Each structure stands twice: as structure tokens, then as C-alpha cells.
Amino acid sequence: MLQQYFIELGEGYGDVYELMELIETNQHRLLRTFIFSSKANGGQAISLAAAFRPARNSNFMPVYICREGISQIGESKSKRRLLFEETSLQQGQEPIFIGLKHSSEFADTKLFYQYITGILRLNHLVPPLQ
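Per the numbering used here, the sequence shown runs over residues 1225 to 1354.
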């Protein structure tokens, strides 16, 4: 049975570079890229994520994420977000923007990731359970 798993990279500048490197070196497996946004502290908390097809014959579909590490107030985009968007576009993927509840609204991050997985499946952005 195909399972999607979120793998947190971190919230820092270097973590976004790691995510971009994963996108570039695994471009043959790249399924989609995402920009998740949630309300936080009078602005937005931005998460960057990339979903990859399973490797070989596995049923493991990784979704790498830099969770809520980018603050955005107003319409100006941060340099990290712009770099992520540029990398995604270079690989033929326009990042999909999705508004979400903030992870602090959930008792556990596992529940937060189940919430996101449900949204992605309902919108046919990742494959359903098989």
C-alpha cells in the first residue's frame, strides 16, 4: 500500500538549500512542489515542500518539508521562497500554493501531517492509498 510520509528538514536557511538540492538531484522522481501558508503573528508562516515518487519498487513516497520556518508579512516574498520557486520552475514544476491551519492548532505534528496528506489526496495532488 502506497504511503506518503513527511520528512522534516528544518526551518533554517541551509535546510531550504538542502530541499532544493533534493529537488535537483532527484528530478526524475519529483512529483510536485508546494508552498503551504498559515496565519501566524499578524502575517504568514510559510512551509516549503516537495513530493517525490517512490524509489524503485517501494511503497514509500517521501514529502520533504521545511515547516513554517519562513515568515511573511504582506506580499513581499522572502529570498528563501524565491529561490525555492526558481528551483521548482527550473525542474518543470510550478509550486502549488495551499493555505492551511497552523501546526500549533494540532495536538501533535503527526496529526498536522495527516491533515495535510488528506488535503493533498482530496485534491489529487498525491496518489491515493492503493
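If you're looking for bench data, these hints aren't it; they were derived computationally from the structure. There may be inaccurate statements among the hints.
[Unchecked claim] Only pairs whose alpha carbons sit at most 30 Å apart, straight line, appear in this in silico BS3-like list of lysine-lysine:
id, residue 1, residue 2
1, 1303, 1334
2, 1263, 1325
3, 1301, 1334
4, 1334, 1263
5, 1325, 1301
6, 1301, 1263
7, 1325, 1303
8, 1303, 1263
Computed from a predicted structure; not experimentally measured.
Hint check:
1. 1303 - 1334: 29 Å, holds
2. 1263 - 1325: The hint holds at about 7 Å.
3. 1301 - 1334: 28 Å, holds
4. 1334 - 1263: 20 Å, holds
5. 1325 - 1301: 20 Å, holds
6. 1301 - 1263: 15 Å, holds
7. 1325 - 1303: 23 Å, holds
8. 1303 - 1263: 19 Å, holds
Checked against the numbered hints given earlier, the structure satisfies every one of them.
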